[in-house]
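Undergrad: One-letter residues, chain by chain:
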Amino acid sequence: ETGVTQSPTHLIKTRGQQVTLRCSSQSGHNTVSWYQQALGQGPQFIFQYYREEENGRGNFPPRFSGLQFPNYSSELNVNALELDDSALYLCASSSGPGQPQHFGDGTRLSIL
Amino acid sequence: AQRVTQPEKLLSVFKGAPVELKCNYSYSGSPELFWYVQYSRQRLQLLLRHISRESIKGFTADLNKGETSFHLKKPFAQEEDSAMYYCALPLYNQGGKLIFGQGTELSVKP
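Here the protein sequences come in this chain order: A and B. Residue 55 in the numbering used here is what sits at position 55 of the first sequence, and the numbering runs on without skipping anything. Residue 80 in the numbering used here is what sits at position 80 of the second sequence, and the numbering runs on without skipping anything.
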């Protein structure tokens, strides 16, 4: 069974740029959730995708957007990067909304 | 509003001592709660959920609705228990979105 994989591991960007983070869900999982974890904080829910549709969104501005593909992998896109976007971005997949979530290792994004 | 609070950022104990990591929640309704753990250089993983009422790696947690708490306990801490621990509240009417506490770092000294 392949677990959740995220790429890249680390990324450095400058303010105003755009970034795309990628997540491959665990085999058999059709639901992907994205979380932002700032330093010293717990993860915060960004949004969830279920069967290629957005299925809930946290308190994040529209410049945070996502996609889910037919193979259930997912992308998180962030436009007009700000310094406060520096964080660890976690992807979690599950066999359905409300089912236990399995996390990836995360992508550490640094904004200069 | 739904919220999870972990009042201690760091908890340091000696090996063999009892451990209690505190978690309080705010939720209208009957909650389910989880404890997640993150060992050094490893990914976040589910440790236990109150609904299963099981003991994992010697840890237990009881949901106390009167005190709105879900504290994680272990009678005798081991060095390998050193990790970050997060309490989390799933919102099933929102796709199971997880509300996390800020986390408690447990350090078990030899």
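These aren't lab readings, by the way, just hints derived from the structure by calculation. Check the hints yourself; a few may be wrong.
With a straight-line Cα cutoff of 20 Å, these simulated SDA-like cross-link-like pairs (lysine to any residue) come out [claimed, not checked]: (1) Lys-57/B x Val-108/B; (2) Lys-9/B x Gly-40/A; (3) Lys-65/B x Ser-28/B; (4) Lys-57/B x Gly-40/A; (5) Lys-9/B x Leu-81/A.
Undergrad: Please go over all the hints and tell whether each is borne out by the structure.
TA: Results for each hint:
1. Lys-57/B x Val-108/B: Judged against 20 Å, a Cα distance of about 15 Å means the pair holds.
2. Lys-9/B x Gly-40/A: OK: Lys-9/B and Gly-40/A at ~9 Å, within 20 Å.
3. Lys-65/B x Ser-28/B: Holds, at about 11 Å.
4. Lys-57/B x Gly-40/A: violated (25 Å)
5. Lys-9/B x Leu-81/A: This hinted pair is violated, its Cα atoms lying about 29 Å apart.
In terms of the numbered hints stated before, the structure departs from hints 4, 5, listed from lowest to highest.
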